[in-house]
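Enquirer: Residues per chain are reported as follows:
Number of protein chains: 4
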Amino acid sequence: MTDLLPELTPREIAPPKGKLGVLTPGLGAVSSTFIAGVLAARTLGEPPIGSISQMAHIRLGRREEDRNPLIREFVPLASLDDLVFGGWDPISPNALEAATTAGVLDNRDLGAISSELEGIVAMDAVFDQQWVSRLEGTRVKQLASKADQAAALIDDIERFRTENECDRLVMVWCGSTEAYQEPSAVHETVAAFEQGLIDNDDNISPSQIYAYASLMADVPFANGAPNLSVDLPCMLELAKVRNVPLAGKDFKTGQTLMKTLLAPGLKARMLGLEGWYSTNILGNRDGEVLDAPENFKTKESSKLGVLGTILQPEVYPELYGDIEHVVRINYYKPRGDNKEGWDAVDIFGWMGYQMQIKIDFLCRDSILAAPIVLDLALFMDLAARAGEHGVQEWLSFYFKAPQGAADSLDPEHDLFIQQTKLKNTLREWMGESPVTHSEAG
Amino acid sequence: MTDLLPELTPREIAPPKGKLGVLTPGLGAVSSTFIAGVLAARTLGEPPIGSISQMAHIRLGRREEDRNPLIREFVPLASLDDLVFGGWDPISPNALEAATTAGVLDNRDLGAISSELEGIVAMDAVFDQQWVSRLEGTRVKQLASKADQAAALIDDIERFRTENECDRLVMVWCGSTEAYQEPSAVHETVAAFEQGLIDNDDNISPSQIYAYASLMADVPFANGAPNLSVDLPCMLELAKVRNVPLAGKDFKTGQTLMKTLLAPGLKARMLGLEGWYSTNILGNRDGEVLDAPENFKTKESSKLGVLGTILQPEVYPELYGDIEHVVRINYYKPRGDNKEGWDAVDIFGWMGYQMQIKIDFLCRDSILAAPIVLDLALFMDLAARAGEHGVQEWLSFYFKAPQGAADSLDPEHDLFIQQTKLKNTLREWMGESPVTHSEAG
Amino acid sequence: MTDLLPELTPREIAPPKGKLGVLTPGLGAVSSTFIAGVLAARTLGEPPIGSISQMAHIRLGRREEDRNPLIREFVPLASLDDLVFGGWDPISPNALEAATTAGVLDNRDLGAISSELEGIVAMDAVFDQQWVSRLEGTRVKQLASKADQAAALIDDIERFRTENECDRLVMVWCGSTEAYQEPSAVHETVAAFEQGLIDNDDNISPSQIYAYASLMADVPFANGAPNLSVDLPCMLELAKVRNVPLAGKDFKTGQTLMKTLLAPGLKARMLGLEGWYSTNILGNRDGEVLDAPENFKTKESSKLGVLGTILQPEVYPELYGDIEHVVRINYYKPRGDNKEGWDAVDIFGWMGYQMQIKIDFLCRDSILAAPIVLDLALFMDLAARAGEHGVQEWLSFYFKAPQGAADSLDPEHDLFIQQTKLKNTLREWMGESPVTHSEAG
Amino acid sequence: MTDLLPELTPREIAPPKGKLGVLTPGLGAVSSTFIAGVLAARTLGEPPIGSISQMAHIRLGRREEDRNPLIREFVPLASLDDLVFGGWDPISPNALEAATTAGVLDNRDLGAISSELEGIVAMDAVFDQQWVSRLEGTRVKQLASKADQAAALIDDIERFRTENECDRLVMVWCGSTEAYQEPSAVHETVAAFEQGLIDNDDNISPSQIYAYASLMADVPFANGAPNLSVDLPCMLELAKVRNVPLAGKDFKTGQTLMKTLLAPGLKARMLGLEGWYSTNILGNRDGEVLDAPENFKTKESSKLGVLGTILQPEVYPELYGDIEHVVRINYYKPRGDNKEGWDAVDIFGWMGYQMQIKIDFLCRDSILAAPIVLDLALFMDLAARAGEHGVQEWLSFYFKAPQGAADSLDPEHDLFIQQTKLKNTLREWMGESPVTHSEAG
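Residue numbers (this note's numbering), protein chains in the order written: chain A, 1 to 441; chain B, 442 to 882; chain C, 883 to 1323; chain D, 1324 to 1764.
Since the hints were derived computationally from the structure, they do not count as laboratory data.
Heads up, some of the hints might be wrong.
[As the list claims (entries may be wrong)] A partial selection of chain A residues facing chain B, derived with a Cβ cut-off under 10 Å:
| hint | residue |
| --- | --- |
| 1 | E46 |
| 2 | A56 |
| 3 | F74 |
| 4 | D106 |
| 5 | G137 |
| 6 | I359 |
| 7 | L374 |
Quantities reported herein were computed from a predicted structural model and do not represent experimental measurements.
Cβ coordinates follow ideal geometry from the N, Cα and C atoms, glycine included.
Working from the sequences, and respecting the hints, build out all of it.
Expert: Dropping the structure here:
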């Protein structure tokens, strides 16, 4: 059986020396919670719970070998001590005020790190209410043309890099969900997109301008919202030309996380699915934004995709050929950032008998999203140092609507396959054999 | 990368010719539902939903190869048409009356197959109320010594084999949960056990007599209850001596199924677990049996093990080092066989913030168990033909408390690793490469 | 203390001799279930569960007196044996086909009464898709003017009365929810309304034409939907002129029933309410109709009113001054007629500490509505024989949005006060003292 | 109709001058939360949410009269400013430490009142581990005889009265649930009980010694636990002899509160009940105590009574003649004082069709109990000043297992009838007519 575990050659990966700047368009609930947690980890030694890069172990070799290091000791990641933070926001002046307004964290948890948070001042945002009708931006770049906005963002990035003496940068979108759109001609090529910036093309959204600026500045870009940003031909082209990694989209946090746990389980057991009704109630800024139908449509589209890909109705028409899948999001003020997701799942088994599963998830949006921001920042930086560019499909683990590496194959939604993919990718990069869980392996 | 997919030599597996007899100690709700569903599948063409052996596909090779056959077309399983059914029961006279009493299936679903069901007459059981205080057996072998009972069971088996012209047999325990016990001296060796049978040793339970008879008759044995039956040194010795496969224990149906979906998901995301409270209400014979504290203890012990093994508190003390895990089962008549499981799961994430998950599973015990009986019967028979003996760890997918292949390693509880193990084992037997889900594979 | 229980003079109430015709605009799920249940009660002796008029007892006098007759033995109600049924429907040809299509009742429960149900043939409906966009009517009166439609309905009523030799008739609206509207000038007076019928005024909906026809034919009218029908000045005027009772509106079945139980309880204990989020999923014709925003608005308006009236925010601003009340209804096919209502209730108590209540009600819409139809039919007939006319506020017990007797006072929503009002009204009519539950009474 | 509202003569009630001492056996989670809330109300003006005596209005006369005063402005209650607090506890040294240990209130809510809380020092308790096996008392009176213990308590009471210059006292039991017991001969008469105190009769529990001491000191006694304390012939005799009011038993807080809301609602609508399964999880001292089977039995007995009395199975055998009622309490540490109650309610309606209600109540035990302590203290004092003695049935509103005034009639469990009884009793005492909610009244 030794032939199952062949000698593998590790990748050459540049070491993570110097500072890594983490830039977030959007300095609101998610990014301020992310920053606060990293500061608490490095100042107070609190464990960064929920972060795979920091807390998870990875098994190497056969079970009997008992090699099980922490991921951060296995692959050369940037240290938390080397992170510096920056961001843009149309509303929050700094990370402390963002955290206080969001109300995610108790004041007692902000105390020890409040001056550091206050020092992270938001840069003026590229923002357009046309894309987020429920928000009013006050700290917004007053520039007529989208080309000027892109140039201003690139300037911001370079200034940040210099002022903070960063060796490398990554950008993670933590802003709001934009109104729904389909790709159009302006998104076809880099040339068309750059002409569109000059022409102020209506089809170019702010998140696309950030993505463009990021790639132009050779900064890897991860998209935490369901916006159409880097899943566009022009951005794939640009990533290839400039040799920059990208990933997306839409952080997999509460209800969809649960869905990508349960659906693979139902399928593993060949239980049929008649319908899945999901409702979410939340009372934060995100909830307000998504109360607008055009923004909800973007989110809904991201959330609806998950079942079809996991369950393969084309392979299992008797089990999954006629699923009623409904997703609703309602703004409900009392919940604040503590999103509540309620799912009613209608399944059927042996001889067609019906069963029901109800799940009530009293979760916390930003608490679940923050460690994803950290992991994406560190893994995107790793990918860049490993010479990767384009879509990082191995990070689909973190996304509601993972962006596939190639057009011919559907991206994977099953959380457990995504996890295996992530870990086996790291194993391969480091010259370790993949784990197969067979009797032999 | 070709070296990742080396040429593999398939096993020699004897073809499944002739009839396969499926014997169930216990001819109650589970086994009558199992039999009814198989009859409905072969008579009426109804899909055997929930059966992996019948309905699941298996991917072979790389994703791009698009090879994805049904498992039953990939490995040489017995056909449903070749199954014949037999069983023992202390109460039910035949499978039709068992099904009617259980109330799992509607009368309209029994109609077309009722005479076939009625023809499956229960053999008198080896039964002792000392082990199941809440049941009163009336169809019980009146034999003074346990050695005589074992001999009578072996006679039953051989008579069944002859009368039904079976080429092969398998036995799947579908009876009640017995009172709690720890292994004792009588279970140490085959010799000690056989002496105990003669001496009517109090530590030998009915399920152990069935297991012994099964192995002595060279019939693979799978244990669907949490009883101490084949997870005993004497049985492992016997299985080795007689070259017979065995597997156990306790069908993974409702709440534990859910637990083995969710717990790996929480761990995949490095979310901490503070506590997990599970309550079950059910109103069937199983519920009555488990209302007795000594029988509940057996079940509880089977159910409690799952979290520790999946979550690895020794590796993740900050996340899983102090879990409050409570499991309760209550008899509640209105529920009948429609077991309802309610879970309250207390988790914590980034910066220690707490979240809650509540799951209400309105499931059906026998509907979930029946396809497991089918799969175990077919896969155990496959294993025997493939020359396997002893614990079939690759079938841990089906069990609440999987029996490990070797003492040195904990058995796997994570449903997704179990599934990978099952499929990769089949791939290996057939000379196909395991699937790794890495970028390359 | 005797002065607390003064001698009272009973009303003169005409005895319920002869047949009572029950006419339902809408012969769908609710009315066919209602009719089937009454037929089952009088043919098979099945108890009419959920019917206060048939099953409830009423206490008379002091507790010590132990007088506790059935309501139907206390007040002179029509007997179930004297009911005859008729209805209009734009889709169903007869009550049997309506019941079969609705799928509320199992076939085995329709068997014994199927020919009787089939004999109840629907009259062609007054229907206009403008008011119910999701339905397509095929059995519709083809009459150009609304005045002609009203005349045709009056003809239908009189023909039914004659052909079935009815002594008396009542009408209970069991049709769909119409699109939202506010009262307009045409609803101000009988004269304006009649002119509007001639002019085909767009503001006159089908349900108003039924209500008008009913009152003109001296038939009491109860409104089971949230439609604007008899809660209009013109209808109140007409009821007064013709001396006919009316009542409305919107049967109080699942979620609102629960709300009118819980909200009085929270208030009784002076617990504060921060928010109440209600979602409903259902997959019947009603669900389809309510998926249209303009029809949902009518229903939403009926459902939202309940909390304010019960909780009196003007009296208790600290507890109920700022309630977030959200109601959603979603069409979800797998549910069929088995409506599921999920409520998340956020309350606060001593020192402002927050608590949560979640209620999942797996109910059945028509099963809950059917006995209300029966009770309203019988009590409206009683009211008519007791010489009542106009709004019967004592029947507010049955309605989501009870129609108040007078403009100056809000109608009562608290289910327990409504119940007391209903029973004390009956007591007064029969010359019995009201019950006070004081130490003395 | 004027004869319905006769002139009534108000009671003579002594005015509440001077200080009212509130004594609680048990100075743990409930009583420290109660005291903290009263202090916060009088120091910081926070509303005493959940207190009917402080926050509820009461309607007087007909609806049209619009007379709706606060209860505390209608009846002559002691003012919060006049309350002084004392208690006994076997563990807590003072109210601040009790509050901190209990963890019910956040530290920020204790800050402003912490020195006042610390000043409320617990007197040594009469305690016997035989009755509460899970607790170990350290601050316990070391007195051999129960007669000596009673005398010591009476001394404590009188010393407290003098030192705090109290005009009047009341006692409210806030201690743990004792082991289950049935009344025995020693409880038959005052003479037998006093002999039993001398003889150290095993059947006399600590709570009975408190009750005896209270009545002997002419202090009204309310029983917040399910213990057998004042529902004993000897205590009723003593209350009569000494002219002291008493009330009990077992504060109606979470799940039973919900049950007494829902059950009357089901009955009001004549919906049948097949079963009601209730489970509670809690992680406070109360939870630990109730994990002992003999203490759980006391609580279970208190909780089980409620459905039968409300639903009257003898009157409604078709609806409530065969209810499966199961109540479970499980200690589950993560919950702390935040008790979670989960109910599965199985109902049936028209034509016997089944429906289900699930209720998950994330409540807070002490937060719900604290205002009950306040109300009972004030209303018991009112009753004493109004010349009442013996069982105060009008306070059954506050109790899970209300103690009936007379043996011949069952006590009322329906929360809404209880509320009416409470309010109408106050109306009568003040010379106002009871409210009937009839059309006339």
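Enquirer: The structure should be examined with respect to each hint, and the outcome stated for every one.
Expert: Status of each hint after checking the structure:
1. Hint on E46 (chain A) holds. Least Cβ distance to chain B is approximately 6 Å, under the 10 Å limit.
2. Because the beta carbon of A56 (chain A) sits about 6 Å from the nearest beta carbon in chain B, less than 10 Å, this interface hint is met.
3. For F74 (chain A), the suggested interface contact is broken, since its CB lies about 14 Å from the closest CB of chain B, more than 10 Å.
4. At a threshold of 10 Å, the smallest CB-CB gap from D106 (chain A) to chain B is about 9 Å, leaving the interface hint in force.
5. For G137 (chain A), the interface hint is violated, the least distance from its beta-carbon to any beta-carbon of chain B being 27 Å, above 10 Å.
6. A least Cβ separation of about 5 Å between I359 (chain A) and chain B falls short of the 10 Å threshold, and the interface hint therefore holds.
7. The closest approach between the C-beta of L374 (chain A) and any C-beta of chain B is roughly 9 Å, which is under the 10 Å cut-off, so the hint is satisfied.
Consistency with the previously given hints fails for numbers 3, 5, ordered from lowest to highest.
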